[in-house]
Amino acid sequence: MTTTELRPGADAPIAAVLPDGSAPPRRRRRGSPLVLLRGGLATLVFLVPMLVVFGVFSWYPIVQAAIMSLQKTNLVTDPTWVGLANFVTVLKNPDTWVALRNTGWFALLALLFGYPVPLVAAVLMSEVRRLRGLFTALAYLPVVVPPVVAVLLWKFFYDANPTGVFNTVLGWVGIPPQPWIQNAVAAMPSLVVEATWAAAGGTVIIYLAALTSVPPELYDAAEVDGAGLWRKIQHVTLPQLRGVLFVTLILQVIGTAQVFLEPFLFTGGGPNNSTLTILLLVYRYAFQNSLGGDYGAATALSLVLAVLLAVLSIVYFRITRRWSS
Amino acid sequence: MKSSRRIAIAGLAALATAASLAACSPTPAATTADGKVDLRVVSLIPGSDQKAFDAFDAQVEQFEKANPDIHVTSEEYEWTGPTFAAQLAGGTLPDVFTIPFTDVQTLIANGQLADLTDEVNGLDYAASFNPNVLAVSSDAGGRIFGVPTAAYGNALHYNRALFEQAGLDPDSPPTTWDEVRADAKTIAEKTGKAGYATMTQNNTGGWQLAVATYARGGRLETVHGDTVTVTADNTGTKAALEYLHTLRWDDDAMGNNFLLDWGTINQAFGAGEIGMYTSGSDIYTNLVQAQKLDPATYGLTTLPLEGADAGVLTGGTVAAVNIKADDAHRAAAVKWIDFYYMQKLVNQDAAVLDAKTLSESDQPVGVPALPIFDQATLDTSREWVKDYINVPQDQVQFFLDGIFDQPILPEPKAHTQELYAALDNVVQAVLTDENADIDSLLTRVNTDVQALVDADA
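Residue numbers (the working numbering), protein chains in the order written: chain G, 1 to 325; chain Z, 1001 to 1457.
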């Protein structure tokens, strides 16, 4: 028997590959009253809170959103069915494509800045013999800061006046003041830098945990073979972290595609829509541009984003399935 | 035993879940335990001075004493489009709330305000409202959905201390746009602060561009019968944007922050970072209550008007009632509106009591305003409280002397907030991109907003 034969998802059912070839014992049907009396009831009761909470706070809103995307409603007066008109509205809105482009730009920049930084930090920290706990705490500290507080703090840093924090630092080395979030070109990278600072700590912890599972003898063997730090990272660390790296990558892409907080609090989508993202546009549909609240269009755009991300995730996992196994 | 203990724990978990879910949807008490109508009203802007809240609480106490069957519960409140829309949709608005003139007609059309016709018509002064003002909160059939409580004209606010620091005379504020530009440039050069600033975000950029447009004789929409045409590319708007472009890029007189809205520009002005900006004539209250403005530094004058059809964009506040309010709450709500917002305008005793209460808490009395009824009523009500007026009148006299000679104009009617939102981007583009193409930006606003207007037809 090989482990691959038992891997879920293989063509043959698990029961068919029992080593002695005998038929597996027939399992009692789940849900029978006997099972409930033998402990299944307790399982069910334990399950109920989770099911109820998940149903009420996750699935019910999702179903409601799907229904609302086909309606014109302000949530006060009776809704009217409009079919796919909301989807047509959002897809015909030029701002949708601006938001899509900006969201993609944010995700790309976040990938370039934000993906390697935690990995490099984790690898370096794992090499440190002393004070590793201190470095870990320092790396995680930004995650502890409430996101709104962090953005308000960084607003001071990004003050475009010569007296702003970053501009003061630049002034020490003779660089003139920069506009940061007050300029359409510089605004999005500025947002990404803050977002990376705020989120990197969590990913560092994940990588550090994954690094502890790498067998030390692999590093010992590499050292015996004369490998230096970079070779060890290249041939031991990265291959061993492959599975975690693939998961964090797709989580980062999904997370950045739903970016809202930074553009909302830093720039409100400006200057001139240069930081307008999909979720910010959803917010504008629902709350900003129309007092009636175009909740139908808002949910329609949300569903479009959800479908895009679902398709992206499926394609990603299909492409990377072989690499990550 | 083990199993039954497990079931008991599981049962407790299920009960806790049910209790938590039940706690998520409390039903607000419509009446108090002793049978009084529990009326929820808005109070002051979050962050207001404690003395301001003390003054408000004192007024609540006076109201409850006069209406022993009503208990008032107050909530801090600042109208912003997004938070208001969320509260409206979520059903969490108090029974009485205030909204700007801009949005009343949209809310009436959407069926989101309570019909107050009977209650308002029962007020002594119902027939005395300025018809043009009352029309703001009435539908085409004359049904009344709110009570106009205050009106303002847009004006030029300036920081007298920065004027002095720059070597300018604060008692001789600018009277033309060229003078505004010259003073802004001087302030920026001499003090390092923004000589002139404008709002750009959350639809306020479009609002203030409308103010600048009207002041140059332009209009953002024209109405012929039932046909509305969006005219954002009019000469007044173009002139206003070119003016901003000159101040920003040629004079470097607008500072470095081009992402400002009503709240943040007030904050920056209160902190002494801005020399001049345009906004409603009534913001002195916010500047003192929430921004800790030193009254000695405040100056107010009229907008320069240039061009044949130039005028001052006006605005104001309407007190409205939650559409979900029942008869008892609606009646109590109008009593509160009458007491808190209106009596000080029509009743001498109430005016004096209101002014005395506010002044004892160092809150502004005598903020420049436009008449809700007529000029004589406004003058009389100011006369009643003249002993308590603490807004430095000599510093706002330029406005009071000039505003009543200026043409007062209402806001654009069709899709106002969407129009303002689209114009936000244009203002931001002009202030952050030296090569912004004003013509093409305005053409796009025309196209986008006209599509919304046409969709209504």
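Possibly wrong hints are sitting among the right ones.
As the list claims (entries may be wrong) - Label pairs and their calculated CB-CB ranges: (1) G:Asp-78 x Z:Thr-1229: 30 to 36 Å; (2) G:Leu-131 x Z:Lys-1051: 49 to 55 Å; (3) Z:Pro-1295 x G:Leu-131: 43 to 49 Å; (4) G:Phe-135 x Z:Thr-1083: 37 to 43 Å; (5) G:Pro-79 x Z:Thr-1083: 18 to 24 Å; (6) Z:Val-1223 x G:Ile-62: 18 to 24 Å.
In short, the hints are calculated from the structure, not lab data.
Glycine included, each C-beta is placed from N, C-alpha and C at the ideal position.
Outcome for the supplied range 30 to 36 Å, where the beta carbon pair is Asp-78 of chain G and Thr-1229 of chain Z: holds, 32 Å
Outcome of range test on Cβ distance (Val-1223 of chain Z, Ile-62 of chain G; 18 to 24 Å): violated, 43 Å
43 to 49 Å as the expected CB spacing between Leu-131 of chain G and Pro-1295 of chain Z, which holds or is violated: violated, 55 Å
Cβ distance range 18 to 24 Å for Pro-79 of chain G and Thr-1083 of chain Z, holds or violated: holds, 23 Å
Pairwise beta carbon distance, Leu-131 of chain G to Lys-1051 of chain Z, judged against the given window 49 to 55 Å: holds, 51 Å
Beta-carbon spacing of Phe-135 of chain G to Thr-1083 of chain Z - inside the hinted bounds 37 to 43 Å or not: holds, 41 Å
Going through the hint list in order, the structure does not satisfy hints 3 and 6.
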